[in-house]
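Novice: Chains A and B, in that order, give the protein sequences. Quick note, the first sequence lines up with residues 1 to 111 if you use the numbering used here. Quick note, the second sequence lines up with residues 1001 to 1115 if you use the numbering used here.
Hints are supplied without guarantee of correctness; some may be wrong.
[Claimed, not checked] Below are the BS3-like pairs computed for lysine-lysine, each with C-alpha atoms no more than 27 Å apart in a straight line:
| hint | chain 1 | residue 1 | chain 2 | residue 2 |
| --- | --- | --- | --- | --- |
| 1 | A | K70 | B | K1013 |
| 2 | A | K36 | A | K68 |
| 3 | A | K56 | A | K36 |
| 4 | A | K36 | B | K1057 |
| 5 | A | K56 | A | K67 |
| 6 | B | K1057 | B | K1013 |
Rather than coming from a laboratory, the hints here were simulated on the basis of the structure.
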Amino acid sequence: GEDVEQSLFLSVREGDSSVINCTYTDSSSTYLYWYKQEPGAGLQLLTYIFSNMDMKQDQRLTVLLNKKDKHLSLRIADTQTGDSAIYFCAETYPRDYKLSFGAGTTVTVRA
Amino acid sequence: KAGVTQTPRYLIKTRGQQVTLSCSPISGHRSVSWYQQTPGQGLQFLFEYFSETQRNKGNFPGRFSGRQFSNSRSEMNVSTLELGDSALYLCASSSNRGEILETQYFGPGTRLLVL
């Protein structure tokens, strides 16, 4: 569970949808998370998905999980300037007691 | 409920000194984890405690240590500071009860600058 990969940058126009992608390598992953970090702040939990689910929707956020390809995505609908931040995906698996993070995707929302 | 709190928020130390950072978890949470965040290495796991027992430790030198108290509050200590220890140190807590680490909630972090 050490190789979580994310694209580093995403630029999106205000009002459009953003899609942030992540791949993970550990097939025994149980929970997969998305966190948001704004400048100078800690990590804010956005949403998570259990590994036996394919999709989870929470207001403007939609998480899709493709276990076959070990691919996780976060879609943000109607992206706003307040969504500009770094987004991290993370995984954990039984008895590991830690989160393994990707490098983070910096999302820039332009007017 | 109050969130995870960390003190101090900012610290400036010089090489060779030691530092202690403190973390108070969300009330009722018994698992506390520590992470180091740097621009070069990203988010790296330091250690995790549950009911005063360390259950996992990351790949950091022995200069990094931690402990958890009976009230679930946790401290981490870094001795003989090096320039490369400059980072944001994040604490997270969860209500973990079993083998799976449940959702972790993070504090605002302590920003350490080593000169």
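Novice: With reference to the structure, classify each hint as holding or not holding.
Specialist: Consistency of the hints with the structure:
1. For the proposed pair A/K70 and B/K1013, the alpha carbon gap of about 42 Å is over 27 Å, so the pair is violated.
2. Simply put, A/K36 and A/K68 have alpha-carbon atoms about 26 Å apart, close enough for the 27 Å limit, and the pair holds.
3. Our distance criterion of 27 Å between C-alpha atoms is met by A/K56 and A/K36, whose separation comes to about 17 Å.
4. In summary, the hint linking A/K36 to B/K1057 is supported, as the alpha carbons are separated by about 24 Å, within the 27 Å threshold.
5. A hinted pair counts as satisfied when its Cα atoms are at most 27 Å apart, and A/K56 with A/K67 qualifies at roughly 14 Å.
6. Between B/K1057 and B/K1013 the alpha-carbon distance is near 25 Å, which keeps this suggested pair within the 27 Å criterion.
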